[in-house]
Structures are given as structure tokens and as C-alpha cells.
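Asker: Letter by letter, the chains look like this.
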Amino acid sequence: MPRVIVAAADFDPGAELARLEAGAGAVSGFVGIVRGESQGRTLAALTLEHYPGMTEQALAAMAGTAMTRWRLLDCLIIHRIGRLEPGARIVLAATASAHRGDALEATAFLIDWLKTDAPFWKREDFIDGHSEWVAPRDADHAARARWVLSGP
Amino acid sequence: MPRVIVAAADFDPGAELARLEAGAGAVSGFVGIVRGESQGRTLAALTLEHYPGMTEQALAAMAGTAMTRWRLLDCLIIHRIGRLEPGARIVLAATASAHRGDALEATAFLIDWLKTDAPFWKREDFIDGHSEWVAPRDADHAARARWVLSGP
Amino acid sequence: MKILYFAWLRERIGYAEDTIDPPASVTTVAALAEFLAGLSPAHARAFADRGMIKAALDQQFVPPETPLGNAREVAFFPPFTGG
Amino acid sequence: MKILYFAWLRERIGYAEDTIDPPASVTTVAALAEFLAGLSPAHARAFADRGMIKAALDQQFVPPETPLGNAREVAFFPPFTGG
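Protein chains in written order, with my numbering: chain A, 1 to 152; chain B, 153 to 304; chain C, 305 to 387; chain D, 388 to 470.
If you're looking for bench data, these hints aren't it; they were derived computationally from the structure.
Every value quoted in this text rests on a predicted model; they were computed, and no experiment measured them.
One or more hints might be untrue.
So the derived list for chain C, only partly shown, Cβ under 7 Å to chain A, looks like this [unchecked claim]:
(1) Phe310
(2) Ala311
(3) Gly318
(4) Tyr319
(5) Gln363
(6) Pro383
(7) Phe384
(8) Thr385
(9) Gly386
Glycine included, every Cβ here is placed at the ideal spot set by N, Cα and C.
Just chain A, with the same shape it has in the complex (with noise of 0.2 Å):
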């Protein structure tokens, strides 16, 4: 059964990839972390926003579309919201499968999906004092239509 978390809290990747491993040949598993720095300008922080309900329904859609798509034995996407600082955790996603070939690539479809159709906004706090909020780039979208274009 595919699992899906929106949350402020951090998550623990090793205790849950451990949790897929049972039954599987294949493990694999992404997280993202804040970084220090965006557009060469020193970042205070992350702020994560999301839209309740709508977008606990998208994860779980995107993480249903995995387990079609691939031979899947579960699936996992947590994603944190809220303030972040640079080294934290914001997301991860993993997933487990008899053989490699299916986590490695649903892992990665996973990702890409979240960055582009996931309703999640981001606003990047510069230590500077000044604030942005974050565009999806060309390349996510470019990154998403692999998908969409070639089916595994």
C-alpha cells in the first residue's frame, strides 16, 4: 500500500526504507535537502506551503500511478512543509520492487512528478533580507515530459 505524508515534522529515511525492504530484491530511495544557497545568493531558509487536502490527493494519485506503472511492491512520498533551513530534509521518495530496473525508475519519475504537479509552493528566505518565491524551471518541466512521452 502506497503511504503518503504532508507534514512540518522531519522524517527519518533510514527507518523508513528500512520498512520497505521487507519482501523486496529492490530498494530505492531519494531525499531532498535544503541547500545554501540559491541563484549564488546565501539562503536563510526554506518556507513550504501547501494546499490541505488537495495536495495530500495529488501524492497519493502520483504515488497510485507508480504502482501501475512499475512492478511495485509499496511506494513512499513524504513531504515536509513549513519553515526550513539550509541542511534539512524536505522530501523523500522511495520505493521497493522485486527487481532493480522498477524502484530506480519509478524513484525517479516520483521526483520528477513532485516538482512540477504537486501543489506545493516554496519562498526562499535570502540572508540578505530579501524574499522569493520560486518558479518551476524549464528544466522540471522538461525533466517531467520524459514521462509523459516515453512509458517504461
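Given the coordinates of chain A, assemble chains B, C and D onto it according to the supplied hints.
Answerer: Structure of chains B, C and D alone, referenced to chain A:
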């Protein structure tokens, strides 16, 4: 600095991934696990053999190639040897980068090359007493060829 | 009808939620955005860059020409950036 | 010259290592395999399926036609299967 470990001892994926998080924006990890069956027969254990010296060298070269081909901050391969029962971890490949694409692709690269280019041999011991040495599958060679034909 | 604002729309308007009863002439998401832009100078600022604003009807992402129908909750927000 | 056997080669031969001084006529990896196959019935069995056997000279993977040169360690093994 890429790290390479070949050992009988189990490893802690969570602790290893946490170590890669420092300064990174993306950490990707893959854990391979002994499955309970092979070719429809129930497995008692997998026995992994390596070539001391040559194996470590080959893994270090592979990690070095990954560091050169992708923009990685760090890279880790842990591969177990000896008798491993179903459910036991066999291998961990993990990478850290600033952006997600590098970590995800480099991890897939490491796992594909480990299947075909690392001096390891596996014997499957089935519960019916039968034993068989595993030969690399055509699919493994096809997966490896992806990385030879198309540069990142 | 409940109207929700997210990210810089919410910041520009100064709060997260309006409850309004739009006139009968407002039948689509685009027309609703137009109507909301006239509510106050802050709303006008928030809705100025109309091309950058996306919408959801009852938590379903929809294009601007979508009829409001019996929607009870309409949300306006910039493009998503998760992950 | 140290000869190492791995996986089913080791199992068929019954031990992991030979130390031999091959005749001067044995100048390549393939010729060495041929020579080892003649050492005992167990060696003959191990080296029967020559097409399935790979080799390394001083821990460098090499093709069968490679000259032995001054190699001090030659290893024979089936194809790799890690991961």
C-alpha cells in the same frame, strides 16, 4: 571522496545516507536485498564470493567514473560477501549531488555496472539441497550498455 | 463561495481566504479572477499578473475557462514547485 | 606463478590456489588454461567449458590471447555477477 567497502558485515543504509547529506541538495540510495526465491524455487541462502584486491580496485574505479561523469559531491558502494539469507541486504549504492538528476542517474549507473563489471560471484543454495552459480542475465548486459551508448 | 489564496497571492492580498457571493454574470474561473481583482487595491496587485495564476475548483486543478458550476471552494495560486 | 580459481572453478578443482611453473611453450592466458586443464581430472572438469571462463593477470581483467609476460598472479573465474 568516494568510499568503497567490501565486507561480510551488514550495513546501516540510514546512517550511510545521513553521512552523504552534508552540503548536498540530493541524496539517492539503492539497497539490494536477497529475495526468497529464484527461478520459481525457494532459496535457502546466497553465497557471495569476491577477488580480494581486484574487487575493491574495480569498485573504486567504478565510483571514480561516476564522480567524473556526473556532478557528484560524494559516492558510496558497500557490497557484502559470504553467506546471506533471504531478506539480508547485499549492496548499497548511494550518491550525493547538488541537483537531483545527477544523484539519480549515477546511482542507476553504479547498480547496473555492479551487475556485470564487479568481480563478484553468487551461488544460490536452494532449500531442496540444489546449488547453482548465477550467470549474468542478458538484461544485465543490456542495462549496462545504456551507459556505454549514451553519455549524460 | 470560499476563495483561497496561496503563496504570493496570499502575501499580496494580506490574508488567505475570502468568502464571497459573486454576481450571476461571473460564470467562469477567469471571470471570477477578474471580479476578485476589483475587490481592493491589494487584490488588484495580487491578480495583476493573470498569466502566472493557476486555479482549482473544489481541489481539482482546472483551466481558466472552466465554468464555476456549483463549486464551493475556488483556490488561486502560482505554478507548483514541490520536491 | 600463482594461479587463483573462483566460484565453480574453485569448487570443481577442490581448492582455491595452485603454484606452478608453466613450461616455456605456455606464453598466453589461453595456453595456460589449456595447460592447467591437463593437471588432473578435476582441473579438466573445471576447464571443460573454456568459453565460460574469464581471466585476470595481476588483477587486471584480460582477453585469452593476452601474453603472460611477467605476471605473478593469474586468476580464472566465471563471468561476474555483483549487485
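Asker: Look at each hint and say if it fits the structure.
Answerer: Evaluated hints:
no.: 1; hint: Phe310; in the structure: 6 Å, holds
no.: 2; hint: Ala311; in the structure: 4 Å, holds
no.: 3; hint: Gly318; in the structure: 15 Å, violated
no.: 4; hint: Tyr319; in the structure: 14 Å, violated
no.: 5; hint: Gln363; in the structure: 4 Å, holds
no.: 6; hint: Pro383; in the structure: 5 Å, holds
no.: 7; hint: Phe384; in the structure: 6 Å, holds
no.: 8; hint: Thr385; in the structure: 5 Å, holds
no.: 9; hint: Gly386; in the structure: 4 Å, holds
Hints 3 and 4 from the list above are not met by this structure, while the remaining hints are.
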